[in-house]
Structures are given as structure tokens and as C-alpha cells.
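A.B. asks: Sequence:
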Amino acid sequence: MESLTEEDMRMESAFVAYCNIGIGAYYHFSMAQKWSEEILAGSKAVSYSDFMALQRLSELLRIAGERCDLMKDETDLPYVEAGRYIECMLDECSILMRTHLSKIVTMDELCYHLDFREYVDVDAFNKLFLPDYAPEVRRDIIAFQNKFAARGDILYALLIVSAKMQL
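For the sequence shown, position 138 (counting from the first letter as 1) is numbered 350 according to the working numbering, and the numbering increases by one without interruption.
Just so you know, these hints were derived from the structure itself, not from any lab. Ideal Cβ positions, reconstructed from N, Cα and C, are used throughout, including at glycine. Check each hint, because a few of them may be wrong.
When the alpha-carbon atoms are kept at most 20 Å apart in a straight line, the in silico DMTMM-like pairs for lysine to aspartate or glutamate are as follows [what the hints assert, rightly or not]:
1) 359 - 320
2) 339 - 299
3) 284 - 299
4) 376 - 262
5) 359 - 278
6) 284 - 333
7) 315 - 303
FRET-style restraints, in silico, Cβ to Cβ [to be verified]:
8) 326 - 220: 30 to 38 Å
9) 227 - 306: 34 to 42 Å
10) 229 - 253: 33 to 41 Å
11) 285 - 261: 21 to 29 Å
Produce the entire structure from the sequences given, and follow the hints as far as they go.
C.D. replies: Written out as C-alpha cells, the structure is:
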């Protein structure tokens with residue numbers, strides 16, 4: 213067996229990366245399809261306990277956003293990044309809470325949010341704000357952050373529902 217050249221190794225690495233992306237996308241869109249069928253059948257994508265947790269979290273994020281606005285300067289990148297994350301997660305909480313309340317979320321709004329959430333990073337928020345919270349609040353915030361992919365599946369499901377209902 214001959215040894216691989218550097219170019220061959222790069223191509224193989226790119227192929228593996230594309231396969232991983234494809235498998236991940238297939239999984240998330242399969243979950244979104246399952247959720248959309250349940251939503252169309254009348255199930256709630258966001259439970260009452262999730263709704264209450266989202267309300268509490270959105271209040272914490274609003275307070276963090278106010279602090280971030282006071283502390284950031286246009287050139288202070290960590291605060292700008294944390295501010296974008298806070299804004300995105302507040303938007304996500306709003307969409308999910310409206311979903312629980314059976315209020316309409318438009319396809320344009322979902323597309324904008326799904327695009328926006330791809331470009332936010334939790335690290336700046338965690339470094340700047342997470343240490344200031346009490347341990348039990350930190351656990352709730354981290355649990356919310358750990359459900360990022362699952363919430364994405366629900367958002368894609370809402371997008372499928374919006375398309376089927378032509379909203």
C-alpha cells in the first residue's frame with residue numbers, strides 16, 4: 213500500500229467532515245419531521261414546565277443583556293459576542309413561548325432566527341456572565357445551553373409546520 217500524499221489526506225479529511233455534516237443534518241431533519249407530525253396532530257412542542265423555565269431564563273437573559281449593554285464598547289469583542297448570544301437566545305425563548313401559547317410564528321421569523329443562531333457563540337457569555345449567577349441558576353442556564361440542538365430540531369419542525377400551513 214502506498215502512502216497517502218498530503219493532498220490525499222486533506223481530501224480524505226474533507227470527505228469525512230462532509231459525511232459527518234450529512235449524517236448530522238439527516239438526524240436533525242428526521243427529528244424535525246417527527247416533531248412537525250406531532251405538532252400537526254395537536255401535540256405541544258413546548259411543555260408547560262419548559263414554558264415556565266423559558267420565562268425565568270428570558271428574565272435572566274434580559275438582565276444580562278442590560279449589563280452587557282452597559283459594559284460593552286463597540287471595540288470590546290467579548291461583550292459584543294455575548295450581546296449577540298443574549299439577543300439570539302431571547303429571540304429563541306420568545307419563539308418557543310409563543311409556540312406553547314399557540315401563537316403564530318411566521319416562516320420568515322423562523323428562517324431569520326435559524327440563520328442568526330448559527331452565528332452566535334456561547335463561550336463569551338459563559339466567561340463574562342455565568343460566574344455571577346448562583347449555582348442553581350447556573351445549572352438551569354447550562355441545562356438550557358445543553359439543549360441547543362434539541363431546540364433546533366423543534367425550530368426546524370415549526371418551519372416545516374409553517375410551510376405546510378403556508379404561514
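A.B. asks: Within a Cα-Cα threshold of 20 Å, do residue 359 and residue 320 meet the stated pairing?
C.D. replies: violated, 23 Å
A.B. asks: Between residue 376 and residue 262, does the CA-CA distance stay at or below 20 Å?
C.D. replies: violated, 25 Å
A.B. asks: Would you check the hint for residue 284 and residue 333, treating anything up to 20 Å between C-alpha atoms as holding?
C.D. replies: holds, 16 Å
A.B. asks: Does residue 339 pair with residue 299 here, judged by a C-alpha cut-off of 20 Å?
C.D. replies: Status holds; Cα separation ~17 Å.
A.B. asks: For the pair we were handed, residue 284 and residue 299, check the Cα-Cα distance against 20 Å.
C.D. replies: Holds - the C-alpha atoms of residue 299 and residue 284 are around 14 Å apart, at most 20 Å.
A.B. asks: Starting from residue 359, check that the Cα of residue 278 is at most 20 Å away, please.
C.D. replies: violated, 24 Å
A.B. asks: Can you let me know if the beta-carbon spacing of residue 285 and residue 261 is within 21 to 29 Å?
C.D. replies: Taking Cβ atoms as reference, residue 285 and residue 261 lie about 39 Å apart, which means the hint is violated.
A.B. asks: Assuming the hint says 34 to 42 Å, is it satisfied by the Cβ distance from residue 227 to residue 306 or not?
C.D. replies: Holds: the Cβ-Cβ distance is about 40 Å, inside 34 to 42 Å.
A.B. asks: Per the hint of 30 to 38 Å, is the separation of the Cβ atoms of residue 326 and residue 220 within bounds?
C.D. replies: Holds, at about 36 Å.
A.B. asks: Given the hint that residue 315 pairs with residue 303, test it: the Cα-Cα distance must not exceed 20 Å.
C.D. replies: This hinted pair holds, its Cα atoms lying about 15 Å apart.
A.B. asks: Is the hinted range of 33 to 41 Å satisfied by the C-beta distance from residue 229 to residue 253?
C.D. replies: About 37 Å separates the Cβ atoms of residue 229 and residue 253, which means 33 to 41 Å holds.
When each numbered hint is compared with the structure, violations occur for hints 1, 4, 5, 11.
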